[in-house]
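Participant: Here's the letter readout for the chains.
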Amino acid sequence: MKLQNLSNLSIILLERQMKKGLLLLSLLVFFCTGTSAQEKKYEREVKVKPADIPLEIHWLLRPYVDQIKKLKFYKETDVDHESYEAKFFYNKAKYSVEFSRKPELEDIEVIVPWSDVDDKVRAGICDFLAQFDKHRIEKIQQQFSSKTKTAEEVFGEALTAYFGDIICYELEVEVKEKGSWMPYELLFNDQGQLVNKREVSKRSADFILY
Amino acid sequence: MRRLLLLSFSFLAISVLAQESARLVWEGSAAIDYELIKNFRFNTSIAQRTSFLEDSEGNLTEFSFLEFNQFLTKKISPTWKVSVGYKYRMVDPVEKLDVFEHRLTQQAAFTHIDKRFRLVSRARLEQRIRSSSFAHRYRYRLSTDFPLSGEKIDAREFFLVFSSEALFEAVNGGLNTWENRLSASLGYAVSNNIKADLTFTYRIEDINLELETILFISTGLNIKLN
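Heads up: the sequence lines are chains F and A, in that order.
For any residue, its number in this note's numbering is found by taking its place in the first sequence, counting from 1, and adding 1.
Take the second sequence: its position 213, counting from 1, is numbered 208 in this note's numbering, and each next residue is one higher.
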């Protein structure tokens, strides 16, 4: 009898706890809806079909199509910016070619190892990173762009890794500053001087951790 | 490749739903992730579970619990994260006399690959304190997650998560057991800070004793505050 009463009491307690839980869940959903509505700025990269890409990109890639591997096209949208991107492998290196909506070539990026970075630039990067307790370079990309040269000329230089007058280096790094690890995107010019530094957000690890 | 992975997810989902002999369990959870103290991330969640069981007379019964979880995580390098956690679980008395459960957790996670496909190992120690028993649990999980479109998970995009976990449970005064959990999740990024997921988990319990399989369908909501 006592056991039965205890059982009933526990069920009542559990029901109360569940009601509280559901209330908390509702609050979370309400809060999350509010947060979502406040977020106005977003960046989005969506895979698109070749037919949805400006012809200029196809014309640019056409002479090299036999050597290009794993070609994929993307459309990137931001609040005030829209662009098209072709990503592929050429001579085992990973390239991305970005065109604006107009369409005009914005830049060409290629992932390179640390050993391929120009000595002067490497020294500049090392000097900059020396101010942090620790650092880890995740990715280095050579960036090709030009206001005077044609898209074909810039693309040709990028594919042959010709060190012209337009190379920037974009680095994805994590640095330890004031005791915490921070992810940054750094842009260095061809003289090894820092041109831009911005904090980036890493992919959420909730699903992986808990 | 994308189709193949989606097919894998669908296959696991159909396998889970098509099983007749196993128990079917639904779990719903909501979590918030935030930085309250500099360099430490907090993760607070509540979850409820409803399990459908067939008793000896063939009647379908159900039992439930409600739990509260609190985790504290410190990133000690770009690849290593360590966490401590506490769980309080209020169990339906239908499941024997264990009406409460406390669980202490210590874990370390290591990121092997952090590109489009992310690969992470997680080793976890748990001390489970129930009304009538105490157990040490040792867990290892290998997970991978990746976006279904593009190279990163953007707002309004789907992603997949696959994981396999081995679990050894040493019960004080009881029998030690082995368990394996295979899971596949389809996630959706509502925004950059809000993600929802539908997960199918196939648990193979008591591998070294009388093998039992349990099928989980979970729904979750994860909100990152800062």
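These are computed hints drawn from the structure, not numbers from a lab.
Model, not experiment: these values are computed from the prediction.
There could be a bad hint or two in this list.
[What the hints assert, rightly or not] Pair by pair, the computed Cβ-Cβ distance ranges are: (1) T208/A x P55/F: 25 to 35 angstroms; (2) W173/A x E186/F: 39 to 49 angstroms; (3) L99/A x A52/F: 35 to 45 angstroms; (4) L114/A x R63/F: 35 to 45 angstroms; (5) F95/A x E186/F: 46 to 56 angstroms.
From the three backbone atoms N, C-alpha and C, an ideal C-beta is built for every residue, glycine too.
Participant: A separate judgement is required for each hint: does it hold in the structure or not?
Facilitator: Okay, the hints, checked on the actual structure:
Judged by the Cβ atoms, the range 25 to 35 angstroms given for T208/A and P55/F is violated: they are separated by roughly 53 angstroms. Checked against the given bound of 39 to 49 angstroms, the beta carbons of W173/A and E186/F, roughly 45 angstroms apart, stay inside it. A beta carbon spacing of about 57 angstroms between L99/A and A52/F contradicts the range 35 to 45 angstroms that was offered as a hint. Checking the proposed 35 to 45 angstroms range against L114/A and R63/F shows it holds: the Cβ atoms sit about 36 angstroms from each other.
Here the CB-CB span from F95/A to E186/F is close to 48 angstroms, well matched to the stated 46 to 56 angstroms.
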